[in-house]
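Trainee: As given, the protein sequences belong to chains A and B, one line each in that order.
Residue numbers for the first sequence follow my numbering, so the first one is 13 and each next one is one higher.
Residue numbers for the second sequence follow my numbering, so the first one is -3 and each next one is one higher.
In case anyone wonders, no lab produced these hints; they're calculated from the structure.
Note that the coordinates shown come from a computational prediction; the quantities given were computed from them, not determined experimentally.
Possibly wrong hints are sitting among the right ones.
[Unchecked claim] Below, computed lysine-lysine pairings styled on DSS-like, alpha-carbon distance capped at 30 Å:
1. B/K316 <-> A/K161
2. A/K90 <-> B/K316
3. A/K161 <-> B/K385
4. B/K316 <-> B/K385
5. A/K90 <-> A/K231
Residues per chain, in single letters:
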Amino acid sequence: MTEATTETNTEAIRVRGVHRRFQLGDQTVHALNDINLDITQGEYISVMGPSGSGKSTLLNMLGLLDVPDEGQYWLAGKDTVPMSEEERAGYRRDHIGFVFQSYHLVPRLSARENMELPMVLAGIPPAERRKRLEPVINRLGLTERAGHKPEQLSGGQRQRVAIGRAIIMQAPLLLADEPTGNLDTHSGADVVELLEELNAQGITLIVVTHGMALGQRAKRRLRMVDGAIVSDDTFAIIPSEEPAL
Amino acid sequence: MIRLQDHFTFTLRSVTRQRFRTTMQLVAMAIGVLAVVLLTGIGEGGRRFVMAEFASLGNDVLVMLPGRKETTGGLPPLTGEGTRDITLNDAQSLMRISGVERIAPIVVGTSRLSISGLSRDSLVLGTTQDFFNIRDLAFSQGQAFTTRQGSRSRAECILGATLRDELFGPKRALGQWINVADYRCRVTGVLTDSGTGFGFDMSNALMLPVDNAMQIFNTEGLFRVMIQIENIDAVPAMTTAVEQQMTLRHDGQLDITIVTPDSLLSAFNNVLLVMTFAVAGIAAISLLVAGVLIMNMTLIGVAQRRAEIGLLKALGASSKEVRLLFITEATLLATSGAVLGMLIAEVILLGLRVKFPEVPFATPVWASASAIGISAVAGVLFSWIPAQKAAKLPPVLALQAQAGK
Chain A
13 MTEATTETNT EAIRVRGVHR RFQLGDQTVH ALNDINLDIT QGEYISVMGP
63 SGSGKSTLLN MLGLLDVPDE GQYWLAGKDT VPMSEEERAG YRRDHIGFVF
113 QSYHLVPRLS ARENMELPMV LAGIPPAERR KRLEPVINRL GLTERAGHKP
163 EQLSGGQRQR VAIGRAIIMQ APLLLADEPT GNLDTHSGAD VVELLEELNA
213 QGITLIVVTH GMALGQRAKR RLRMVDGAIV SDDTFAIIPS EEPAL
Chain B
-3 MIRLQDHFTF TLRSVTRQRF RTTMQLVAMA IGVLAVVLLT GIGEGGRRFV
47 MAEFASLGND VLVMLPGRKE TTGGLPPLTG EGTRDITLND AQSLMRISGV
97 ERIAPIVVGT SRLSISGLSR DSLVLGTTQD FFNIRDLAFS QGQAFTTRQG
147 SRSRAECILG ATLRDELFGP KRALGQWINV ADYRCRVTGV LTDSGTGFGF
197 DMSNALMLPV DNAMQIFNTE GLFRVMIQIE NIDAVPAMTT AVEQQMTLRH
247 DGQLDITIVT PDSLLSAFNN VLLVMTFAVA GIAAISLLVA GVLIMNMTLI
297 GVAQRRAEIG LLKALGASSK EVRLLFITEA TLLATSGAVL GMLIAEVILL
347 GLRVKFPEVP FATPVWASAS AIGISAVAGV LFSWIPAQKA AKLPPVLALQ
397 AQAGK
């Protein structure tokens, strides 16, 4: 607690002694066991491990969707653990973009409206929203599909809409939970390429997966077993040099 | 914070793109409000109709009837039977009280009328010239009784409009002789059709001079005495004066009852108002049912949209905003349903007014306003619990619900 906050300029994330336990029947599951983590802005990190190892819980915690039982989680220079739910909601909006395995698009809204949603929730005026939407839609190659509902889009297109929604607020942190899990190889490669492109532009990218092919593309790889980080290795590969999977 | 306009756009989309659910809620609310507005409208129309009928009696007329009954709040005894009759002399003595403008003694019975072999039973009313003045009855033909007060009455009678048509048809009635039981009278006047009033359908009655009627019915006692007073503000004072006069004439016993039009009106008014309220209350139950339905629908909506709620929160909506979204949606549905129901009810009432022009069917403003108000409040209240549930949902759980992880 006495640690200097001046370091946090380059340090996007600092996690200290985080525990998270769940009660399943009469059994306590230790989903996060003494997690310590420092992440610098612009890193590309993959989190791998068998199912039940706590990687999704870690991602939820990092994404402020879940609160640790113990420990500190500093995001953008502030400890988020003591925050109220309302404060956390604002923080999520401004600092974090999510990409989920099952896209989580609102079915009754068009692709454009889905991408617009975070800006609507943030109270950004319509003119400004349109101005921000156009380049993102163009970049995602969704110009012709922007008016379609999710059910009229392919899986790859849906995930691209979800990525558009995640980056529209220009959040510095992008959390992706099995972003290619529901996609065929080709559209999966497409999505990975897009995510890495965003990372190359300075966004911090954390990808949770149990696919080795995807996990090994990251420069820094975390491996989790039973709620603990068992290995944290940094490799010298530059992702963009390898062809997308 | 979400901009207000975006808030409504979001809600509106949610409403218009889930047509079945929206339609069901609208119908439920509309039926509830329709019931309230329509039933109070009909109840109120009936009340006003009855009140207008009674108001035709006039505010400056006291009615004296034989017998004394305690009337504590309830309806005065319309068929009071006294121990001692009110005689014609009693009635005429009232004219000596200052402030009394006119009196009209009344005897009522049914009797067989016959002309040239045709006969029918009819209401027969014995009274005096002043009765027509007090009741403001107009003549379409002829005139009222020609007898001067005090002298012995001539054998004359006056017909109500309907009775005249039934007895004479297209033939001339004036000057014809009618047998009333074993008494004969000549028709000297016919009333215009003025409808009913004070319980008598005048258009179906035959009117005779009061002394002749008393002979026919073989009675000394009057059924009623109508007393018209000069000053409308003197009703309580005049009531006391009449009571004193009658006590004096009846050996110190107060054995008559005086009914003021106000007490009669307010008694009827109370009864009818209670009925209107009762009907409105029954109808309000359907509003309550609609409210419960809205709560269920919102609950189902919350369950179906867990993932969406989780997503909204992940994207940065606060619990407060999520709650507000659901409440707005429910309230919007409730009020539009209510307005729809009110419009339908007003159309039906309009139809009823066209069909029955004599009854003023109309919903009082308080009923419509409270129906709309109640449904809006029901919308908020009944969506509060589900919305609260939605808002409390941790984003993780909400997202997992659909992801099926």
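Trainee: When you check the alpha-carbon spacing of A/K90 and A/K231, does it fall within 30 Å?
Mentor: holds (26 Å)
Trainee: Check the hint pairing B/K316 with A/K161 against an upper bound of 30 Å on the C-alpha distance.
Mentor: Given that 30 Å is the threshold and the Cα spacing comes to 28 Å, the pair holds.
Trainee: Against the 30 Å threshold, does the CA-CA distance of A/K90 and B/K316 hold or violate the hint?
Mentor: holds (23 Å)
Trainee: CA of B/K316 to CA of B/K385, is that 30 Å or under?
Mentor: holds (11 Å)
Trainee: For the pair supplied as a hint, A/K161 and B/K385, is the alpha-carbon distance within the 30 Å limit?
Mentor: holds (28 Å)
Checked against the numbered hints above, the structure breaks none of them.
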